[in-house]
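With the hints as extra help, turn the sequences into a complete structure.
Protein chains: 2
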Amino acid sequence: MNELHYLFNPRSIAVIGASDKPASIGARTLENLFDHSRYDGSIYLVSATRSELRGQRCYASIVDVPQTPDVAIVVIPAQSAVQVLQECAEKGVKFAVVLSSGFGEAGEQGQRLEAQIKQISAQSGMRIYGPNCPGACNINARLGMTFSPSFPHDLRPGPLGIATQGGGLGRNLMQAMERGIGVALWSSSGNEADLQVADFIDYMADAPDIKVILTLVEGIKDGAKFVAALQKAARNGKPVVALKVGRSEYGQRAAASHTASITGAAEVNSAALKQLGVIEVDDIDELIDVGWLLNRHMPDGRSDIAIYCSSGGAAALTADIVGQRGVRLTEFAPATVERLAALLPGYAAIGNPVDTTTAVLSNEQLMDSTLLAVCSDPGVALVLLPVTIDYGTTTEKMAQAVSRVQKESPVPILPIWMSDRNGKAFSMYAEDGIVPAKSIGKAVKAVRRWMDYGKWRTQTHPQHWKPWPTLGRAAPQGATPLSLSEGNAKSWLAENGLPVPRSALATSAQEAVREAAAIGFPVVAKVSSATLTHKSDIGGVFVNLRDAGAVHEAWNTIMENVHRHAPGAKVDGLLIEEMLPAGGVEVLIGVSRDPVFGHVITFGLGGIYVEVFKDVTRRLLPLQREEATAMLGEIRSSALLEGVRGGPSADVAALIDVLMKVSDFVGRHADAIDEIDLNPVWVGPKGEGAYVLDAVIVGRQSDDEAARR
Amino acid sequence: MNELHYLFNPRSIAVIGASDKPASIGARTLENLFDHSRYDGSIYLVSATRSELRGQRCYASIVDVPQTPDVAIVVIPAQSAVQVLQECAEKGVKFAVVLSSGFGEAGEQGQRLEAQIKQISAQSGMRIYGPNCPGACNINARLGMTFSPSFPHDLRPGPLGIATQGGGLGRNLMQAMERGIGVALWSSSGNEADLQVADFIDYMADAPDIKVILTLVEGIKDGAKFVAALQKAARNGKPVVALKVGRSEYGQRAAASHTASITGAAEVNSAALKQLGVIEVDDIDELIDVGWLLNRHMPDGRSDIAIYCSSGGAAALTADIVGQRGVRLTEFAPATVERLAALLPGYAAIGNPVDTTTAVLSNEQLMDSTLLAVCSDPGVALVLLPVTIDYGTTTEKMAQAVSRVQKESPVPILPIWMSDRNGKAFSMYAEDGIVPAKSIGKAVKAVRRWMDYGKWRTQTHPQHWKPWPTLGRAAPQGATPLSLSEGNAKSWLAENGLPVPRSALATSAQEAVREAAAIGFPVVAKVSSATLTHKSDIGGVFVNLRDAGAVHEAWNTIMENVHRHAPGAKVDGLLIEEMLPAGGVEVLIGVSRDPVFGHVITFGLGGIYVEVFKDVTRRLLPLQREEATAMLGEIRSSALLEGVRGGPSADVAALIDVLMKVSDFVGRHADAIDEIDLNPVWVGPKGEGAYVLDAVIVGRQSDDEAARR
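So the sequence lines, in the order shown, correspond to chains F and G. If you count the first sequence from 1, position 329 lands on 329 in the working numbering, and the numbers rise without skipping. If you count the second sequence from 1, position 672 lands on 672 in the working numbering, and the numbers rise without skipping.
Quick caveat, the hints were computed from the structure, so don't treat them as lab data. Treat the hints with care, since some could be wrong.
Identical copies look the same in the list; a pair holds intra-copy or inter-copy alike.
[What the hints assert, rightly or not] With a cut-off of at most 20 Å between alpha-carbon atoms, the simulated DMTMM-like pairs for lysine to aspartate or glutamate come out as follows:
| id | residue 1 | residue 2 |
| --- | --- | --- |
| 1 | 407 | 283 |
| 2 | 466 | 40 |
| 3 | 424 | 611 |
| 4 | 614 | 634 |
| 5 | 238 | 209 |
| 6 | 466 | 249 |
Because the structure is a prediction, the values reported are computed rather than measured.
Structure (structure tokens):
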């Protein structure tokens, strides 16, 4: 049983701050519990001022309550709540649901109070839900531990678990019930003094009545916990659809000020969600679109759909948007074409999109038979049904036909309610659970995500996932960053099995010539310094040095250039390196330490592709080999690795090996590594390997290995 | 007066095919005219079977009608319509509105009939509207020349002109009246036997009661007419918002089969619309979003907005989406901050986004004063107001406050109705013309487009536009394409003032050496042949030839390579060319002939940027110098022209000159040029010019100049 089971399904509840003052949060909480819930357990009322309410005895304190309730709902002002929570903890209450505001969100004083209740929770083991939240609505159990005056309208139970932080956006999702959405449970974690969104995702991943989890996250307090919850959901086969605020600077700033939590880098958040199979959406209504589709039918990896419509224009427009999103239209089997041709008038379009023309509007049987024919085509994974206009009765008959056909076919039919007139037919779809999308664009976006999830699901095996080790998430305390020189960085990499060109550090011109001869001409000469990062910009790099004279000259020129352009730089000498042949592809591999998710690896093609087109892909570390392989195909310029215009294809196997070795390297030295920048990594033609040509490592002094360099 | 004035405002109307058979199109047309219009002119009924209808005399034929009506509405079957239209033309009827179907959309027989009515129109000058369309709804004049049973519900007059082809999508737009949209006129051009969407845009550009034009186009029959209408709208200061079907292959195919017209290349359509100041949208509801915003307030080029919200979560989410779309949040003036700080509780967020907290929900006056403070900030061009939840009465009071403030401030307040519950407050916004957006994403998209239009409008002077000459839209009949050799292409370009490297054609190794010496070493040698396009792929190009020996050797090797890899190629010799110094940027300039819009110029950085990232920009020709300049900044890799990592900036002036000269060149030889591909064009550092290094021209034999090469 999940450890939060009795939070959402308590055997007994105490309300601390019970009241009958109209519109007070105390009174509203009682109304929701007594009048709008169907709760069988005991409810104890605690009030400092009343001895009786609703004909039931009130206790002066939780201490006096004869039983130890599973849940105490706290609705008294923040100031007094601390003492009361201490009493609850001492009493052995399992969960305190703190609806009161005036904590972390309300200035310094509130932050002090929040720190105190955190401590109570940590010391006693009593879990705290909130504070500053509207509470929890267990719709399937018909239990509202909430002061929201809207709870009486939350009447549609169902398979969706909704986990939000804020109350406003969560309630917005609850109002999607009007579109036909059935909700199992809505948790709203508020300030997250103790329990976080991640805890509720974890609960929902276990809950047998929840099929799909929707979450709206402003800030992630504990990255490791969040990842673990998502891993559990994936293992239990439950899709998670997420909207993460903080994808732009404005959003990051606003979310940080709203929830006082770190939002992390948007690209890293998105990469992490994707890696964990979470479906990330762009807007709040899209949570519903995708979540409900997943509930209706779990996608099986197929990606061809049909469009069925009685308006030729809408059929064409929908097909257009389908094509723009990279969704494919099924080429119907001959039997389907034959059937449609036999049933529909000659001027109807029986290809895909199907334009039935208005013929079906006056002939329900025709609608049934043709729509069923489309659903029965073996290549159709889903049918989009744009409802262009609300025609009243005609549109209602159409809705009935769709419901009938849907009962006979497992292929989901997704109506698109295009009109701004929400007539009776709209409600008919909603009541039958055939939740309409609100625009063609939104519908197609949802279908694309549904399909992508289907592909992910059929290709990924979360059962094989290892628990996520949260590599070096927090930098070790007290350690200060330390940049390694290129030579030191490369030899550390080489010790860890990473391929680097043969090289040697020369501390004089004579030594440089000697080392070059030992390595074999041509060579590259680079200034060696831990403080200079853009070595070539100041004339610190010479390539293609073909003889001793050239190496000697390079020494003089580089030293002169450094002296002139970076007079204070600490120079160790020149790094003399083997020069790799022309014809390779240059890529970039980076590692950074995200404040939420820990070490993240970035891969892309070098130079301008990264700077201008931001053509990179990312993964949380450690990397699985399949993921490393997938990364290569995810960048838009991946064609360059396959060889352009008849050129040779790159040594992809060697590149994957480098990625895996970087992952292992970071795994071994997690605390010591803040940042790695391997740019470029040279990838030769097939069979010629891949080599790290330049390397920057920013480490931590506290680590012995980093420090010794 | 626009030539279509009496089509939409007829002084008299004849209905041919008048009927009272329930639900027939004849009866419905009469109901709309007599019962649901407020029409003062004369209506004549023509019926082959009835002598009287609605107590009014029926004529057996249009010939018998005592007056010549401005408009004849034809609702009889296609077969009989041809004869009747001939009679109408002879009678002198100005406009025939043909509602009947069974023409071009209905197979070969229908296409024959459509050809016949086209001919009647062309010969007589009588304009035909339709066929196969639901008719025209002049809402401001309350005149429905339509059989649509929905016309009685089209009750909200207003400032929008809607021009569609299909009926279904047009009617969908009409149902946006539920969201508060007021429509002046909806024209639906159907099969466009004569009058096209472009004619109606032209009419709307002149109509004094129309402020904004919305159009939904599946296919453009006459590109020149379409461009001219859009130019007129721009000159008259009327924004046009367009949804063009055919942006994906599926859409192109479906639209072509639906309307039997050419859709053209999506990129070219989008470029043409953008160039003409048309706001292109992605979905049908977005037409309304942007159109209504433009009607409410014409943007002035400012691009900073405010977010005002009572939910912190929704404020953060909206800010996030605003940031993702590149819209900016105003930094409030000190006076605004002071005012908000004085009014709102301490825990509210008074930056931008403004999170009032729920304090305003119970205090209307507070809402008025704080919202007005935000609207009054000098840097705020628009206020986004996310309405997260439908709270019933509370939400209604909020809507009233918004209406009050909107009356006091010219700054548009755009509510975002986020809930799926469309309660009374929703209608209150609609009734007050404060049309809510349907999702945060859609709202922000609309705002971004509104702003971009504002910028375009303040920076562009359509008054200075020349009439569009439709350069070589159709290829000359009977002419066959002709590829020019690189040498011929370049000398034709050179004659037209385009800079090419010095070069000469050598027909022997000896001549090659001689010419190289005359040009000056180093040189480039390329095989010259009109039939070989990828010369370097077969070893037909050698660069950096430093002496006579190298040139001689190049001759032999190239001839051998061509012999081996392209044995059938017709070879003229070797092109010996001046070699330009290293350090330039390589760009691509192309011209193609679009079937709808004629010659289009494409510009981008060469090589992989074009192939992988499709990083190009386009314009219809001829090009204005400002446009050429703008093109350089529009590609994502434009930073490369400004110099990367301290490198020199490119000779941008020379590049603009090349673009203008290409435009002039095409202008002079429009019929003779199908395609130009200048790739690469070498752009040197500032002051060093730009040169066409390689050129492919596909011309037309019928043109003397092309033929002589």
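Hints and how they fare:
1. 407 <-> 283: neither (31 Å within a copy, 31 Å between copies)
2. 466 <-> 40: Answer is neither; intra-copy 41 Å and inter-copy 80 Å both fail.
3. 424 <-> 611: neither (53 Å within a copy, 50 Å between copies)
4. 614 <-> 634: both (12 Å within a copy, 17 Å between copies)
5. 238 <-> 209: within (11 Å within a copy, 55 Å between copies)
6. 466 <-> 249: neither (33 Å within a copy, 43 Å between copies)
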